[in-house]
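Note that the protein sequences, when read in sequence, are chains A and B. Heads up: the first sequence runs through residues 4 to 118, numbered per our numbering. Heads up: the second sequence runs through residues 1018 to 1463, numbered per our numbering.
Treat the hints as calculated values from the structure; they're not laboratory data. Honestly, I wouldn't trust all of these hints.
Claimed, not checked - The list that follows gives simulated cross-link-like pairs (lysine-lysine, DSBU-like), each with its CA atoms no further than 35 Å apart:
| no. | chain 1 | residue 1 | chain 2 | residue 2 |
| --- | --- | --- | --- | --- |
| 1 | B | K1361 | B | K1310 |
| 2 | A | K26 | B | K1359 |
| 3 | A | K63 | A | K95 |
| 4 | B | K1246 | A | K26 |
| 5 | A | K63 | B | K1361 |
| 6 | A | K95 | B | K1246 |
| 7 | B | K1246 | B | K1310 |
| 8 | A | K5 | A | K26 |
In case you want the letters, here they are:
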Amino acid sequence: MKFIIAVVQPDRLDAVLDALAEKDVHLVTVTQVIGRGRQKGTAEVYRGHKEVGSLIRKVKLEIGVNDEYVEPAIEAIASNARVGEGSIGDGKIFVLNLDECIRIRTGEKGPGAIG
Amino acid sequence: MNRIGRWIGFVVPVAFFFLAFPGLALAAEEPAGLDAGDTAWMMTSCAMVLLMTPGLAFFYGGLVRRKNVLSVLVQCFMAMCIITVAWVVLGYSLAFSGDIGSGNLGGVIGGFDHFLLRGVGYEVRDGTIPHMLFMIFQCMFAIITPALIVGAFAERLKFGAYCVYIVLWLFLVYCPVCHWVWGEAKGFFGLGNNGALDFAGGTVVHINAGVSALVCAIVLGKRQGYPEKTSPPHNLPFAVLGAGLLWFGWFGFNAGSAGAANASASNAFVVTHIATAAAGLTWAILDWILTKKPTCLGIITGVVAGLVAITPASGSVNPIGALCVGGGASIFAFIAINLKVKLKYDDSLDVFGVHGVAGIWGALATGLWATSMVPGNEANGLFYGNPIQLLHQVKAVAFTIVWSGSISFILLKLIDATIGLRAENRNEQVGLDLTEHAETAYTLVD
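Turn these sequences into a full structure, and let the hints steer you where they fit.
As structure tokens, this is what we get:
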């Protein structure tokens, strides 16, 4: 089992979720986050005062998957989160080992509890 | 340099003042015929009607996605600014000067007699209030009418295109219809002079804006992802706040349309309230029966539909008529909004369903329930033995629909061909707040 953490542009969320659902990956937790990478923050202007925030809005997806779903899930996220303008800031995908998964309702453990 | 700047800053406005109001500098006495009570009420009404536009901004702002809330608020506030300037320069003149031209097609639009408010001074015009107060009362109506259309193209129209559209729309759609109904239009277009009843703007304001909204929604096309992927309202409490401000301001809108603090204004005040309450209740009941739950958005939508429908009727129906006008408004608007989903056009915030349909219903209902027992009104409707009145109302509705629909369509196509209407795809996805205004409404951390 793997635990995938993906940080993507907020406006790509719908497309990513659709693509994940197509690959039968339904278990997703989404949070609004702010953070930074090499991309500078977006410039906002308030009463003529330009503010370039050092942190920028993204959404974070957390996905627990069984091993055979890892590649399809990464493919779904990467291909849909890529804005395709050559600019940086499309986000990252991190893949971690997942020790255990427990379905709260039944107490079932392991790969069968995902999904 | 600074002193010269200050000198110019003083002389230029003063010079403009004397140019615009020749002779006023000497006027010290109160104009003949001015009534203090009427004038006080009309100034109050003006402020109340102005407050409707920020109310509308919050009503619409709450219904869009969080990435577009500022764009809607800015559009409404820009209407308050740009339309006021346009109204002072030319709009008032086109609406309320005498006809341009004559003959059968005379009366389409007013002339240039009041260009830059020439001749609009402190003296009394047709009543007991200063002419300039009448002008600014009408200005508030001219502001909110194009702002109503915002709901149809929300979340996808470029801001520059918006500014151009509402100014052209003011001059070429609002001013003509205002001229026909409330101005001095005679002949073929003389709707008001030929008997159509429109106390506070069923045709001029609501059908006009509602039909234009439908055309906008169709010409502009759907938002990306509509209907499955457009999120629900991002802040319904904002919408409730907006609806509350609209209800409050509407007392100035309708009762102020009497032009005086008199029995006619009192009737308009009372029937406005009754019809609105009846409409909100009706919508809640429809929701309760048909979808099992009375919804928050449903009840406030019903309230606005009721306010719209009673607008043309508020000078001519009694409280019993108001109950019927209000109840009917919610029924027809409810049907229209449910049909929209089937017809697959994206009038994002249902401007046509609420303002267009309830406005048409209100204008026609005026021809049904109008009664000469209401002070200041001489015409009876169908239910009081005068079927001709209904015909007058049908004609006024038809003229407004045809004019607003066709001219709006031409204007939109012209703007689309020159500066373009729609925001870039990517900008629409990111949201208009950031891409059009370089701001965001909500921060994530302190």
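Okay, the hints, checked on the actual structure:
1. Only pairs whose Cα atoms come within 35 Å are accepted, and B:K1361 paired with B:K1310 is accepted, the gap being roughly 25 Å.
2. Taking the CA atoms of A:K26 and B:K1359, the gap is about 31 Å. The hint holds against a cut of 35 Å.
3. With a CA separation close to 10 Å, the supplied pair A:K63 and A:K95 stays within the 35 Å bound.
4. Using a Cα cut-off of 35 Å, the hinted pair B:K1246 and A:K26 holds, with the two alpha carbons roughly 19 Å apart.
5. At most 35 Å may separate the alpha-carbon atoms for a hinted pair to count; A:K63 and B:K1361 meet this at roughly 33 Å.
6. For the given pair, A:K95 sits about 24 Å from B:K1246 by alpha-carbon distance, which is consistent with the 35 Å threshold.
7. Simply put, B:K1246 and B:K1310 have alpha-carbon atoms about 23 Å apart, close enough for the 35 Å limit, and the pair holds.
8. Simply put, A:K5 and A:K26 have alpha-carbon atoms about 16 Å apart, close enough for the 35 Å limit, and the pair holds.
In this structure, none of the earlier numbered hints is contradicted; all agree with it.
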